[in-house]
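Visitor: Sequence:
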Amino acid sequence: MGGDGRPTASVSFDPSAGLWFRAATVVEMTNSPVGLLALVVYVGWVLTSVPLALAVYGLGRWLDDLGLALRYAGAALVGLVLAGTTALALFVDPVAGAVFVGLAAAAGVVLAAFPLYIGRQLLERWTTLAPERALEYAVLGWPVALVASLVVFLAPGGLGRYNVTFLTGGVAALAWVVLGLVVTLGPGVCGFAMYRLVARLE
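Residues in the sequence shown are numbered consecutively from 1, following our numbering.
Keep in mind that a hint or two might mislead.
To be verified - Restraint-style ranges between C-beta atoms, simulated for each label pair:
hint	residue 1	residue 2	range
1	V43	D93	36 to 46 Å
2	A106	V177	13 to 23 Å
3	P33	L82	12 to 22 Å
What the hints contain is simulated information worked out from the structure, not anything from laboratory work.
Positions of the beta carbon are idealized from the N, C-alpha and C atoms, including for glycine.
Start from the sequences and build out the full structure, keeping to the hints where you can.
Guide: What follows is the structure, encoded as structure tokens:
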């Protein structure tokens, strides 16, 4: 009650409320368990792309064979996926484990193998780099492209509101096309930008 006899409202701010809201929004980004798993797999690829690309680059330099470094990294990722699949199958549901391994395999092709192949082809066409050096620049450009794709994915509203899965009609189609182009062509474009930067600094 205020000094003039009128009721007053007391408003308190709980900092954790915003965090809980954001976490709940992430869960609500999809309407099915499969969609949620797909989102987890996608974000997982984005988060691991930077250390993975740096590890592949460093290992490739040490072994003097980038292709062999990529095979080692691929084997390590397969092991991690199988471990996650086993954990889901044992502690959650066997179907969830099967869906996870399928999504992870598909994401490996769509988000990594195919973009790196296209990136190497583009760099070989745009520069005078040998195939392995072109692949090296594509590997370095790959995490930049994936992070940019996540920005596009969250662009409609970010974690606090909506992502591209909430869009409809022509806007949704345009957003998905842009997202696909960033993922597919990004490693080549970003790798080419790095190549030009290195060339200017030399």
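Visitor: None of the hints should be skipped; say for each whether it holds.
Guide: Each hint tested on the structure:
1. V43 / D93: 36 to 46 Å: violated, 21 Å
2. A106 / V177: 13 to 23 Å: holds, 19 Å
3. P33 / L82: 12 to 22 Å: holds, 20 Å
The structure shown violates just one earlier hint, number 1.
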